[in-house]
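*Asks:* Starting from the structure of chain A, add chain B where the hints point.
Heads up: the protein sequence lines correspond to chains A and B, in order.
The opening position of the first sequence corresponds to residue 1 in this note's numbering, with each subsequent residue numbered one higher.
The opening position of the second sequence corresponds to residue 1001 in this note's numbering, with each subsequent residue numbered one higher.
It is possible that part of the hints are untrue.
Straight-line C-alpha distance at most 30 Å; calculated DSBU-like pairs for lysine-lysine [claimed, not checked]: (1) A:Lys174 to A:Lys127; (2) A:Lys215 to A:Lys141; (3) B:Lys1151 to A:Lys269; (4) A:Lys309 to B:Lys1092; (5) A:Lys141 to B:Lys1089; (6) B:Lys1062 to A:Lys66; (7) A:Lys246 to B:Lys1092; (8) B:Lys1089 to B:Lys1118; (9) B:Lys1118 to A:Lys285; (10) A:Lys185 to A:Lys210; (11) B:Lys1118 to B:Lys1092; (12) A:Lys141 to B:Lys1095; (13) B:Lys1062 to A:Lys174; (14) B:Lys1092 to A:Lys285; (15) A:Lys141 to B:Lys1118; (16) A:Lys141 to B:Lys1062; (17) A:Lys141 to B:Lys1092; (18) A:Lys309 to B:Lys1118; (19) B:Lys1095 to A:Lys285; (20) B:Lys1089 to A:Lys246; (21) A:Lys269 to B:Lys1095; (22) A:Lys127 to B:Lys1045; (23) B:Lys1111 to B:Lys1092; (24) A:Lys185 to A:Lys127; (25) A:Lys309 to B:Lys1151; (26) B:Lys1045 to A:Lys97; (27) B:Lys1092 to A:Lys269; (28) A:Lys285 to B:Lys1062; (29) A:Lys246 to B:Lys1062; (30) B:Lys1118 to A:Lys269.
Just so you know, these hints were derived from the structure itself, not from any lab.
These numbers were taken from a predicted model, which means no experiment stands behind them.
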Amino acid sequence: MRGKKGMEFGFAWIFAIVVGAIIIFLAIYSSSRIINVDRNVQDTEIGREIGILLSPVETNLEDAEKTAIILPGGMRIFNECDSLGSFGSQDISVSVKSGIGSKWQEPGIPSTFHNKYIFSESTIEGKRLEVIAKPFEMPFKVADVIIVIGEKDYCFVNPPRYVEEEIMSLSIDKINMTSGKGECKSGSVKVCFSGSDCDIDVALNPVNDKSGSVKRKFVDGVHFEGEALLYGAIFADPGIYECQVKRLMQRTSELAGLYLEKSEYLTQKNCGSSLLQPDLIQYSKQTLSVENSFELAQVESSAQEIRRKNENLDCELF
Amino acid sequence: MKTLIASYSKGQIKIQQMAFVLVALMIFLALVALIYISFRVENIKGDVEDLGDQEARELARKLSGTPEFAFTAEDCSDCIDLDKVLVLKERKTYKDFWNLDYLQVERVYPKGDGECTKANYPNCGTITIIDDEVWTPAQAFVSLCRWEDSKGGYFRCELGRIYASGDLGNG
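Extracted from the complex, chain A is given alone in its bound form (with noise of 0.2 Å):
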C-alpha cells in the first residue's frame, strides 16, 4: 500500500454530493417555474391589453371603422367563445413563441369580456392584425361585430358593390378585389360571391343581397344577416360564429327588453309607443331562443316589422 495516494470516499462526501444535486435541483427547478409563472403572467396581460386596444375601434355613428394593431414578432391569439349566462362571453389568451423547448408555450390566463363580440379564426397569427368593427342593428343597434383579420391574405372574386365600396374605403391591405379566380394571388383564401368552388363560397339571396349563406370546404355553412355578419361569417370559423351570433341574439333579446321599460316609463309621459310593446315582447323571447344562423332569417323579418312600427311613432323609441 506504500506509495499509492487514494482519495477518501467517505460519508461526508456522499452526503455533500446527495445533498448538493438536491439543492441543484431545487434551484433549476424554481428557476424555470418563475420563468413560466412570468410568461405566464406577460401572456395575460397582453391578452387584456389587447381585449383593451379592441375597444377604441368600436363605432359611434359611423359605418364601420378600421384599424391595425402591430404584434411583436411571433404571437399566437386564441379567440374562444362561450354562448353560456345572459350574456355569453369572450375570452381571448395569448401565446408567444418561445427560443427554449416547444415552440410555442402554454398560452396565458384567458381575459374574458362578455360585451365584445370578436369574429375571426379561432387561432389568429401574425404581425399585423386588421381590424374592423361593424355596427350590427336589428333593427336597433346591438353591438360592435369586431373582425380580425391575422396573416392570411384575402381574394374576394366579384364582390357585391357595397362591399367593394366598403373595402375600398377602408383600404384594408390584406383583401383583394378581382373578377375572376385566375387572377387571384397564389396562396390567398378565395372567397366568391358568384360561382362556386373557392376556398370560402358566399351566396347570396336574390331579392336582398346582404342576406344569404357562406360555406367553407368541407364545412358545414352558415346563415348571415346584413353586412355585419356577411364579413363575420367570411372570417370566423364557422363554431365561433354561431356561438358569437348566438351571443347577440341573447344581447338582442336584452335590449328588447330595455326598450320595452323604456317604453313602459315614456308612455306615461306623454311619449307613446304602446304600439311596440307586444312586439318588444315577442322580439325579445325569440331573439333568446335562437339556437343557430339559420333562424336569423325570421328574426330579420320580426325586426324589420318593428323598424317600420317604430318610424311611423311620433316619439321614436330608438
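*Replies:* Below, chain B alone, put in the same frame as chain A:
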C-alpha cells in the same frame, strides 16, 4: 464522580459544519424566494390595477356609443339616452357586463341633487348603475338627452359626466 467527555472525530465535525451551512443556505434561499414572490405579487397587482384603469378609461370614452347608453332618436355622437339609463339601472343582468366595479352618470349642468329614481327623475343628480367598489374613476363629459314632456314634448340635452372604474376581480 465520573466526567463524560464527548469526543468527535474530525469527519463528524465537518459533517456538522456542512449541515449547518446547508440549513443556513436553505433558509437564505427561502427568504430570497419569499421576498421575490411578494415583490412579484405586488407588481402583478399593480399591473392588474393599471389594466383595469386603462379599460375603464377606454370604456368611459366609448360608453356613449354602446346601445344601452346611446341616444339614437337623433344623430348625436357622445349623447346618452338618460331615459334608457334610468331603466338600465334596475336591470341586474348588466352588473358584470362591462367588467366595471363602478359606473355612474352625473348631471353636471344644470346641477341636480341626489340619486335618481323613477319617483324623482329628472329632478336629480346621479344615476349609479354599478356600485361595487370605488377606485379612482375615469371620467368623460357627455350630453345627457331625455324626453321632456313640457311644451308639447321634445328631446332635451344637458351636460353630464360618466364615471367608470375597472373591475380587478374579473377577467
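*Asks:* Which of the numbered hints above does this structure break?
*Replies:* Going through the list in order, the structure violates no hint and respects every one.
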